[in-house]
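What follows is each chain in one-letter form.
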Amino acid sequence: MSESMILTARCLRLSRRQVDALITALVLPVLLMILFVELFGGAIRTGTTLSYVTYVVPGVLLLCAGYSSSLTAVAVCQDVTGGCIDRLRSMNVRGASLLVGHVAASAARNLASGVLVLVVALALGFHPHAHALEWLASGGVLLAFIVAVSSLSVAVGLLARSPEAASGFTFLIMFLPYASSAFVPVRTMPGWLHGFAAHQPITPITETLRGLLLGTPVGSNAGVAIAWCAGILLVSILASGALFARRVA
Amino acid sequence: MRITYTIDSKAARATRCSEEPVLEATGLEKSYGEVRVLAGIDLRMPRGGVLALLGPNGAGKTTAVRILSTLIRPDAGRARVAGFDVLSEREQVRRRISLTGQYAAVDELQTGAENLRMIGRLRGLGRAQASARAGELLERFDLLDAGGRRVATYSGGMRRRLDLAMSLVSDPAVLFLDEPTTGLDPRSRQTVWLLVAELAERGVSVFLTTQYLEEADRLADQIVVLDRGAIVAQGTAAELKRRVAEQRVVLTLAGPDALAEVAWALGDRAIEIDREELTIVAPCDGGAREVRALLDEIDPGRSAIDDFAVRNATLDDVFLELTHV
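Which chain is which? The protein sequence lines are A and B, in order. 258 is the number that the working numbering gives to position 72 of the first sequence; each next residue is one higher, with no gaps. 216 is the number that the working numbering gives to position 165 of the second sequence; each next residue is one higher, with no gaps.
Worth flagging that the hints you see were computed from the coordinates, not collected in a lab. Note that the structure is predicted; figures quoted are calculated from it, not measured. Beta carbons are placed, not taken as given, at the ideal position from N, Cα and C, and that holds for glycine. Any given hint could turn out to be false.
To be verified - To give an idea of the chain B side of the interface with chain A (calculated C-beta under 10 Å), a few residues: (1) Ser120; (2) Ile123; (3) Leu138; (4) Arg145; (5) Leu150; (6) Ala155; (7) Ala156; (8) Asp158; (9) Leu160; (10) Ser218; (11) Ala281.
Take these sequences, add in the hints, and give me the full structure.
This is the structure in structure tokens:
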């Protein structure tokens with residue numbers, strides 16, 4: 187456990203000092219929010235009674251969380267190519283400790299950018315209808331998503347041959363919300379995309395957040411969302427453990 | 052002066068080295084797909100010794116270090132390091148070794164002191180102990196002034212020194228150094244040599260890999276020459292030099308045709324052929340009689356060879372000869 191804390195402190199210190207990445211992680215979400223609400227928002231009809239800013243906030247939160255979490259892949263890959271992982275392994279540090287360190291730092295980074303997105307959203311006219319418990323639950327769902335994507339990023343970072351390759355994963359994760367109900371309802375998409383858009387993890391997670399924050403029907407989405415996050419987390423932990431033990435860089 | 056120091060300490064060490072090996076490997080094999088990186092090597096290093104694994108790029112040096120430092124498993128063979136088996140007692144081995152890899156594994160965005168403290172904490176030291184240890188090592192490695200600065204501002208030599216210091220936080224029984232001076236300027240290389248010699252003096256067993264003969268010669272009691280995954284020679288630097296002729300004759304040829312002709316006449320004896328400079332290097336004992344006989348034999352027409360010079364064999368000559376195709 188103390189190993190995890192030492193490595194978490196390391197990752198937090200490194201994140202804090204990577205000024206350019208930190209600025210990107212904070213500014214990008216705000217820009218995306220303005221982009222969707224102010225530029226696209228006027229032309230988009232969601233077929234609900236919600237204003238577009240209110241409709242889209244859960245999606246932007248997920249987009250930002252996904253982006254910021256997937257940056258973990260680059261950080262982990264830098265640890266691999268820089269020889270840090272070799273040193274840690276030769277010191278008998280467990281792979282799980284490294285994973286916890288990177289995931290905890292990612293969660294902390296996300297907390298900062300999440301709060302910023304919410305503040306900007308409220309300024310742009312976001313109208314949530316949630317009481318304290320629902321806010322807490324939303325935070326929990328978002329955290330589950332962040333932990334799942336960050337853990338998956340650790341596995342990707344261990345697998346990738348170079349930090350540049352690892353950053354490709356960021357694009358994949360950033361693309362997912364577009365093909366989900368995050369920005370427009372799935373029924374407005376072409377038929378061939380419905381299957382994917384309705385069943386990929388971002389859609390149930392978005393719908394769960396929407397339900398909690400705006401009072402729209404949640405249905406079975408909450409269960410599916412949690413199952414997705416738990417599944418991704420489990421697979422990532424197993425994959426990272428195996429990759430950490432076998433990594434032959 | 053530095054050379055004297057190294058030689059003295061080597062002699063002192065030789066008398067102190069006990070016979071009990073701190074590192075012993077037999078029949079290590081490793082392949083990646085079709086490529087046989089290690090073709091069954093045996094290694095033995097006495098406690099307190101310094102062993103250099105010397106070889107060109109791709110000889111399998113790093114693979115050997117990675118097996119011995121428990122990072123990868125060999126396909127076949129066994130190895131014991133610091134008294135424990137690298138496969139079945141991996142954790143015991145890891146507690147007693149330190150690895151300094153080919154690239155300085157230091158966090159650029161942490162300060163030197165932070166890097167050292169982190170390693171100390173991971174090695175199980177308390178907060179205060181880790182700080183004290185970091186301070187000691189910064190002083191010993193001449194980084195006291197730079198300790199509070201981020202590593203990103205360090206020179207290559209300073210990074211290497213910090214990297215070495217990080218490996219010594221735990222007082223390892225065996226220190227693995229994978230190409231410790233690759234990419235360093237000559238001055239920094241000298242400093243690293245001095246530091247490694249000092250460590251050996253303090254009784255740390257050092258297993259290092261290098262492509263530089265000079266480095267192996269300076270630092271190691273024992274040199275193992277590795278080429279394409281197999282050991283082609285081993286011994287002290289003096290023993291290795293003795294294995295090949297002490298002198299070299301460098302022939303300068305009249306033209307490309309003459310070069311081809313003389314190279315053919317020399318056959319296996321030609322150690323180096325330089326087609327641009329039109330020179331050929333061959334071994335000899337340096338005596339007038341042998342040189343005269345050699346020249347008569349390979350150039351009976353007395354027109355192919357323009358010039359010749361006799362010089363002492365360097366370790367590079369030894370290396371080239373041992374790793375000869």
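Inset, instruction - Return the numbers of the hints above that this structure violates; sort them in rising order. - result: 3 and 11
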